[in-house]
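Start counting the sequence shown at 28; every next residue gets the next number (the numbering used here).
Just so you know, these hints were derived from the structure itself, not from any lab. Certain hints may be false.
Said to hold, decoys possible - Here are the simulated SDA-like pairs of lysine to any residue, each with C-alpha atoms no more than 25 Å apart in a straight line:
id : residue 1 : residue 2
1  : K220      : P241
2  : K72       : G165
3  : K31       : S175
4  : K130      : N102
5  : K210      : L369
6  : K107      : E322
7  : K286      : E215
8  : K246      : Y178
9  : K113      : P65
10 : K106      : G165
11 : K140      : Q328
12 : K350      : L361
13 : K220      : K113
14 : K350      : E373
15 : K210      : E373
16 : K140      : E152
17 : K114      : N102
18 : K140      : L202
19 : K210      : Y294
20 : K267      : M357
21 : K106      : G78
22 : K350      : E322
23 : K330      : P241
24 : K347      : K370
25 : K210      : E293
26 : K107      : K255
27 : K43       : W104
28 : K370      : Y211
29 : K113      : E253
30 : K31       : K69
31 : K83       : M166
A quick note: this is a predicted structure, and the numbers were derived from the prediction, not measured.
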Amino acid sequence: MNIKIRSEGVELLLEKLESFQDDEVLDESEIREIIGHPDIEKWLKAYDWIGNSRSKFENMLYSLYKEPQEDLELNLWGKKIQWGLKKAIEEPSQMREDLQEIKNYGRGSTLKKVMRYLPEGTIFEPTFIVTIDGFNGGMFREDTVYLSLVYFDRSHMGEDLFAHEFHHMGVDQWLEKDPIIQKYRDAEDECKKYFVELFTYLVGEGLANAYCSPQAIRKISERGEEAKRHNEMVERYEEKKEELFNRLEGLVESIVNEKEEDLAEEYSEFTMDKQGRGLPPGHFLSGRMVQTMAESSEIPQEKIVGLVRDPFDFLSLYNKAAKDLDARSMSEELVEKTERYLKDLE
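Using the sequences and the accompanying hints, generate a full structural model.
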């Protein structure tokens, strides 16, 4: 297996944005060149769920020189993307240095780490595209990982750097083979769809955060404002962990009792970072749940890794570990309901 790095698109974008140091304006041909680059096209396509992401990005490029930019009527995604572009205008040299660091990075150790937490037989040839993405520091779609220079920190260079997103890619390979997931992931029935989405989310984010990027869900020893904000976030989640468990139980309850009203909002509140804290509540809780499994003498690691092939065992396996460690468990009655609901889907 090999990791292919694509940086031509971000290099083009950096080159064009540097002109703003002299208050110049991008002309139409330059904007068309940026928008038409395959790397940037693919990156924007990964945001298809936003709606008109390409045209919104194009408008940002036309309007970067304007203050204020009220005419864009941007949502949270747009405002974050725009902020990332402004950061690139302000710090082009820093971003070029970071880009070179990424290109020189030895990636073999990352793949070795990722493979320790995936079932035997996982095979993939990942590509990653470097971006200037103020909304998302890292994400993956299909066989591609996207890494943003906006959030890149070279002090964290190591095997953990890309492991989280590459692990997602390996997990997705197995989840796509599951007949229940295939059948209901895009179902019109919201309850069935979110049942599948929730379990794949818990397994994917739980394992990635617990094993590949544990620093994301624990306090770190670094100094500085970023580290301070991170540690405050972790403290807040730790203080409200009981509440997070209650929210997860409530979400599962809504699904298995087929209460469609507000289900989409309930799910997104749990799985997305709507408070700007840097980590969604579901990422934190699922990672801590997997760490509980790993701490239990009753659960071998291969059983936890095996959740990639059997994601619907997540809650029952967690409860077994919680019982062993006298930790907060999920409602047994609710877990039994999920098992019955699963049987109805088979």
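Structure-based check of each hint:
1. The straight-line distance between the Cα atoms of K220 and P241 is roughly 29 Å, outside the 25 Å bound, and the hint therefore fails.
2. Distance hint between K72 and G165 is fulfilled; the C-alpha atoms sit about 15 Å from each other, no more than 25 Å.
3. Between K31 and S175, the direct Cα distance comes to roughly 16 Å. Compliance with the 25 Å bound is thereby established for this hinted pair.
4. Our distance criterion of 25 Å between C-alpha atoms is broken by K130 and N102, whose separation comes to about 33 Å.
5. Only pairs whose Cα atoms come within 25 Å are accepted, and K210 paired with L369 is accepted, the gap being roughly 13 Å.
6. Restraint check: the Cα-Cα separation between K107 and E322 comes to about 38 Å, which exceeds 25 Å; the hinted pair is violated.
7. About 14 Å separates the Cα atoms of K286 and E215, which keeps this hinted pair within 25 Å; it holds.
8. Taken as a hint, the K246 and Y178 pair is honoured in the structure, with Cα atoms around 18 Å apart against an allowance of 25 Å.
9. Using a Cα cut-off of 25 Å, the hinted pair K113 and P65 holds, with the two alpha carbons roughly 22 Å apart.
10. Between K106 and G165, the direct Cα distance comes to roughly 17 Å. Compliance with the 25 Å bound is thereby established for this hinted pair.
11. About 14 Å separates the Cα atoms of K140 and Q328, which keeps this hinted pair within 25 Å; it holds.
12. Proximity of K350 to L361 is assessed by CA-CA distance (about 16 Å); at most 25 Å being required, the pair is judged to hold.
13. Between the alpha carbons of K220 and K113 the distance comes to roughly 38 Å, so the proposed pair goes past 25 Å and is violated.
14. Our distance criterion of 25 Å between C-alpha atoms is broken by K350 and E373, whose separation comes to about 29 Å.
15. Restraint check for K210 and E373: the C-alpha separation of about 10 Å stays at or below 25 Å, so the hint holds.
16. Taken as a hint, the K140 and E152 pair is honoured in the structure, with Cα atoms around 15 Å apart against an allowance of 25 Å.
17. Taking the CA atoms of K114 and N102, the gap is about 18 Å. The hint holds against a cut of 25 Å.
18. Restraint check: the Cα-Cα separation between K140 and L202 comes to about 20 Å, which is no more than 25 Å; the hinted pair holds.
19. Restraint check for K210 and Y294: the C-alpha separation of about 20 Å stays at or below 25 Å, so the hint holds.
20. As the CA atoms of K267 and M357 are separated by approximately 16 Å, the hinted pair is consistent with the 25 Å bound.
21. Restraint check: the Cα-Cα separation between K106 and G78 comes to about 15 Å, which is no more than 25 Å; the hinted pair holds.
22. With a C-alpha separation of about 12 Å, the suggested pairing of K350 with E322 holds against the 25 Å cut-off.
23. Restraint check for K330 and P241: the C-alpha separation of about 19 Å stays at or below 25 Å, so the hint holds.
24. Distance restraint check for K347 and K370: the Cα-Cα separation of roughly 21 Å lies within the 25 Å cut-off, and the hinted pair is therefore satisfied.
25. Simply put, K210 and E293 have alpha-carbon atoms about 23 Å apart, close enough for the 25 Å limit, and the pair holds.
26. For the hint pairing K107 with K255, the CA-to-CA distance comes to about 21 Å; that is within 25 Å, so the pair holds.
27. Our distance criterion of 25 Å between C-alpha atoms is met by K43 and W104, whose separation comes to about 22 Å.
28. Note on K370 and Y211: the hinted pairing holds, with a Cα-Cα distance of about 13 Å set against a maximum of 25 Å.
29. The suggested pairing of K113 with E253 holds, with an alpha-carbon distance near 19 Å, which does not exceed 25 Å.
30. Of the supplied pair hints, the one linking K31 and K69 holds, its CA atoms being roughly 15 Å apart against a limit of 25 Å.
31. For the given pair, K83 sits about 20 Å from M166 by alpha-carbon distance, which is consistent with the 25 Å threshold.
Of the numbered hints stated above, those contradicted by the structure are hints 1, 4, 6, 13, 14, listed in ascending order.
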